[in-house]
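S.K.: What follows is each chain in one-letter form.
Protein chains: 4
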Amino acid sequence: MASEKLLDVDPLLERLQQFADARDWQRFHTPKNLVLALTGEVGELAEIFQWKTDAEAVALHQNPAEFEHLGEEIADVLLYLVRLAQVSGIDLEHAVADKLLKNAKKYPAA
Amino acid sequence: MASEKLLDVDPLLERLQQFADARDWQRFHTPKNLVLALTGEVGELAEIFQWKTDAEAVALHQNPAEFEHLGEEIADVLLYLVRLAQVSGIDLEHAVADKLLKNAKKYPAA
Amino acid sequence: MASEKLLDVDPLLERLQQFADARDWQRFHTPKNLVLALTGEVGELAEIFQWKTDAEAVALHQNPAEFEHLGEEIADVLLYLVRLAQVSGIDLEHAVADKLLKNAKKYPAA
Amino acid sequence: MASEKLLDVDPLLERLQQFADARDWQRFHTPKNLVLALTGEVGELAEIFQWKTDAEAVALHQNPAEFEHLGEEIADVLLYLVRLAQVSGIDLEHAVADKLLKNAKKYPAA
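Residue numbers (the working numbering), protein chains in the order written: chain A, 1 to 110; chain L, 1 to 110; chain R, 1 to 110; chain C, 1 to 110.
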């Protein structure tokens, strides 16, 4: 990693905390609840693709409504995932950098 | 959103593309396959919490091995999600900012 | 297992086959698509419980509308799972009996 | 439905109750925990197919080890699903029959 930062989620973390605080949602945002919410959103993502062929899945961007819907569902998954990291005390940037190093060792390039 | 950027994933996107290219993994990284892989990783995340009480889930950081494992699984979910956005042509930063605006309208603060 | 049958899904299998045949759905019911559909339904199941406390989850039957919804989502998961077994050639009754034997060995009663 | 029973899970329900009782597992088998466990098993099912083409997924039965593994994962999903129905008070046979009737109305055969 050194000097390069692979991703920066700090402003998003701050925003999510404010958002939850302003709505008194901390009591709902337990780790188990957030994993269930994440599962719900991944389910909605899966529904987008469930009856599509691979070719139709790749061409999804040609349908503006479906493409916008896909972006929303991906965003929903990310938001719950980042919030889960936050309430669990996981440093997401560090965790991702670590995992990429492990993956690079586990799967060396040919 | 204006001048503030809520998250920055550009360096990660570049790294993921290089990683896949160097291993000739593009042919595996179809949208449907990535949703299945994401589902697999969310399953591993769920397994961490499945038999824990809410109190045990909140105290998970007290167990260094479990805490590291949690960080890895959260990272795995994020990596497949970012890669899914990438191969699908979704601008993740934009999608997240959009979704937060929609959420703010849908759930106004008290 | 011997003479006892732990579960009987034969009439359901026949019904599912007829249902898919009558709608020309065989081409959609590939193993991968059915796993995605199953993921979608498990997501809907997770959504039912995501913001509930354990006490609220246990008391869900007191709300007739939510209780009916829970039954529907559990049924949806089962229907896609049985269909996945069917198109994959898995003998579900045998697989379940086998797994119970393995579980009994893996987790001996105290 | 009338006189026909689409599926029979009564012996399995009895066995699952005995199994949990003998291991004092009732306290772990809350609805939320069982949904998380179900998510974990669906994740393992998804992993089986994640990098396979549709053709490879359909031909999976040609690999005895993978085919056995598929049967185990499908069984695991079914076991947690049936247990979830049990602890939630859902009559699974009735719920499935109901859902099929609804599906038949929603998707009339051509």
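Mixed in with the good hints, there may be bad ones.
For identical chains, the list gives no copy identity; a pair is met inside one copy or between any two copies.
With a Cα cut of at most 27 Å, we get these calculated DSS-like pairs of lysine-lysine [to be verified]: (1) K52 <-> K99; (2) K5 <-> K52; (3) K52 <-> K102; (4) K105 <-> K5; (5) K105 <-> K52; (6) K99 <-> K5.
Derived by calculation from the structure, the hints in this document are not laboratory data.
S.K.: Now look at each hint and say whether the structure bears it out.
M.R.: Outcome of the hint check:
In this assembly of identical chains, K52 and K99 lie within 27 Å of each other by CA distance solely across copies; the values are 24 Å between and 31 Å within a copy. Neither within a single protomer nor between protomers do K5 and K52 lie at most 27 Å apart by alpha-carbon distance, with minima of 36 Å and 33 Å respectively. In this assembly of identical chains, the alpha carbons of K52 and K102 lie at most 27 Å apart only when taken from different copies (24 Å versus 33 Å within one copy). Taking the closest pair of Cα atoms, K105 and K5 come within 27 Å of each other only inside a single copy of the chain (20 Å); across copies the shortest separation is 32 Å, beyond that limit.
Proximity of K105 to K52 under the C-alpha cut-off of 27 Å is restricted to the inter-copy arrangement: shortest distance 23 Å between copies versus 35 Å within a copy. In this assembly of identical chains, the alpha carbons of K99 and K5 lie at most 27 Å apart whether taken from the same copy (14 Å) or from different copies (24 Å).
The structure shown violates just one earlier hint, number 2.
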